[in-house]
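> Now for the letters of each chain:
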Amino acid sequence: MANAILTVKDLRKVYGDKVAVDGISFEVKKGEIFGILGPNGAGKTTTLEMIETLREIDGGSATIAGIDVAENPYEIRGIIGVQPQTPGFQDKTKLTELLQMFAAAYGEKVDPMEFLNDVNLGDKADSFVENLSGGQKQRFSIVAALVHKPKVFFLDEPTTGLDPAARRNLWKMIEKIRDRGISVIITTHYMDEAEVLCDRIAIMDGGKIIALDTPKKLIKDLLAKGFTKEQHVEQANLEDVFLDMTGKGLHS
Amino acid sequence: MKNTIWIAVIVLVILRIVYKITKRRAPASAKSVSKTSITSPWQRKFFTVYVFAKLNTRRFFRDRLALFFGILFPLIFLFVFGSISKGGSNGVSFKVALINNSRSSFAKQFVTQTEHNKLFKIDETLKTLDEAQNKMSKSQIDGAIVLPADFGNIQADHPTGQAKVYYSPSNDQAGRALISVLQQQFDAINAKFVSVQQPFKVVGQPTKQKSLTGFDYTFSGLLGFSIMGAGIFGPMNVFPELKKQGILRRFHTTPIRVWQYFLSTMISQAITGLVAIAVMFFAAIEVFGLHVVGNYLEIAVFLAFSIMMILGIGLAIGGWARNERQAAPLGNIIVFPMMFLSGIFFPRFLMPTWLQGITNYIPMSPVIDGARQIITEGKHLTDIGPQLGIMAIWMVVIYFIAFRVFRWE
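If you read the sequences in order, they're chains E and L.
Residue 299 in my numbering sits at position 180 of the first sequence; the count goes up by one each step and never skips.
Residue 1864 in my numbering sits at position 373 of the second sequence; the count goes up by one each step and never skips.
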């Protein structure tokens, strides 16, 4: 792939005699949203953590923008943004101060307000993280991972525990990030999320990638095999009711 | 007090100046000018340290729990221990029972005189020797003075008599001291009745050099306690919590290095520690009359160095431990022996010589000895080379270990 930003080749991770990640290979293009799906224990998080330099790579290689992850971890950390599963921030620190700290961790000086306004948290600038709602915290966590304008952005199950409106909000945010040319790699348990959000997805099971394509293509392939689902047409579901009654705006 | 706060401010200003200077020295970058004006790699690294130190210092003053344990708690200790050692240093006095079995006017006079004598504190509730002996056996009084029935009877042309001093053999020293004090009283009385030329006399002359009072020892010990509490118990409790919430893990995904994180923590700890110590100085001077002989700048420099060195122990424990259950036992094993062996609660000169020799080398001892020598003896940093040497060695050893065992999660 000519415009690949992330290239993973035969990546392996072994814990004792258990193979967590079993020689997987894939590429992520510049400016796409790439989803990694799979049941718990499939090796999704381990894969991400190896690429994020948090875990040692036992075999194979990963390169981001031509830089080898194992050889230059500090350079890699400078060009990736990471949003962990549970966003943890130190308490009694203002949002503006936290953004200053994260920027400083990359040796950068930024205008925190610019970033906060970008995710509609401008009026919370002087609040502490512990006083934010779940959705606000998630939005803040994402913006904190982007202060240094990374090339690749990793999100580990970002919408777990959010209400439907906050989820949709987050999807919009992630699409906006993609549209700026940042490659987004996301793990999720929600198939609707993967279908709506991801340009391409890899399905992992037992440490291996068992399918890799666009969501549409994967569905088409399944239907081509003669798969039929019980037809059940409804004009709306309960989620639509919920969203209609509580509003879709930027609240959470 | 003011000096110490000024020094904290100066440290921040110096850091800012260092940052500005490195900024100026940065070569004009060939790359296109980025949004940030920071260009040299080292400048970036110290900018990271500066921002972390500044914001974490600010955070400390918002945290009520940290303020309590950092400032109020040592202050409470100061008042408790200060009151105890102040009571003891107000000159010697004997708690005694005075049992008068005589009716002579001289005996009565002697009793009133003794009651007014500051050397004696008379327990008025004790009327019989039995009661007195009971209290003596519990070490609640130092002895009993008994005036027999014939005490003060006139023989020849002046009153005579023999007072008896009872004391417990387990409190031998106090008993002997009491006898000799009483003998002096009698000598003075005797001289009035019988004029005898005394060929030899002894006269006391206090020297001008101030000796260390009990409070001086207590205060440097309490400084040590405050430094140790903030430097070891602080990170020992905070780091496992930061790991549990994934806060350190998040920093781990950024290019920040462990040394940058450590250095910023050392600086903010030194600043907050000096503020806490400034409050203690203020209370010690105002309430307990501590005489600070030493130079405040030297005191601050020495204590800042001490705070950073001791903080390394906390960073090693907290940085190594995965959770509180790992941190607490290890921390206590290190902290408690150090607390008792380094002179925090009682001066090390009370220890047997061999133990003094060994405890000289534990990390807290040079901190407490050095602090006392600068503060109350007015020594300079150049005079306490041995202490600074031991501290420097520990600084290297402690931080070497802390770097090796640190884990972000």
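Treat the hints loosely; a few may be bogus.
A few chain L residues that face chain E, going by a derived Cβ cut-off under 7 Å, partial list only [stated by the list, open to error]:
1. 1535
2. 1538
3. 1539
4. 1546
5. 1550
6. 1555
7. 1556
8. 1732
9. 1736
10. 1738
11. 1744
12. 1745
13. 1746
14. 1747
15. 1828
Hints listed in this document are in silico derivations from the structure and should not be mistaken for laboratory results.
Glycine is no exception: its CB is placed at the ideal position from the N, C-alpha and C atoms.
> Run every hint past the structure and note whether it holds.
Hint by hint, here is what the structure shows:
no., hint, in the structure
1, 1535, "holds, 3 Å"
2, 1538, "holds, 6 Å"
3, 1539, "holds, 5 Å"
4, 1546, "holds, 5 Å"
5, 1550, "holds, 5 Å"
6, 1555, "violated, 9 Å"
7, 1556, "violated, 10 Å"
8, 1732, "violated, 10 Å"
9, 1736, "holds, 4 Å"
10, 1738, "holds, 4 Å"
11, 1744, "holds, 4 Å"
12, 1745, "holds, 4 Å"
13, 1746, "holds, 4 Å"
14, 1747, "holds, 4 Å"
15, 1828, "violated, 32 Å"
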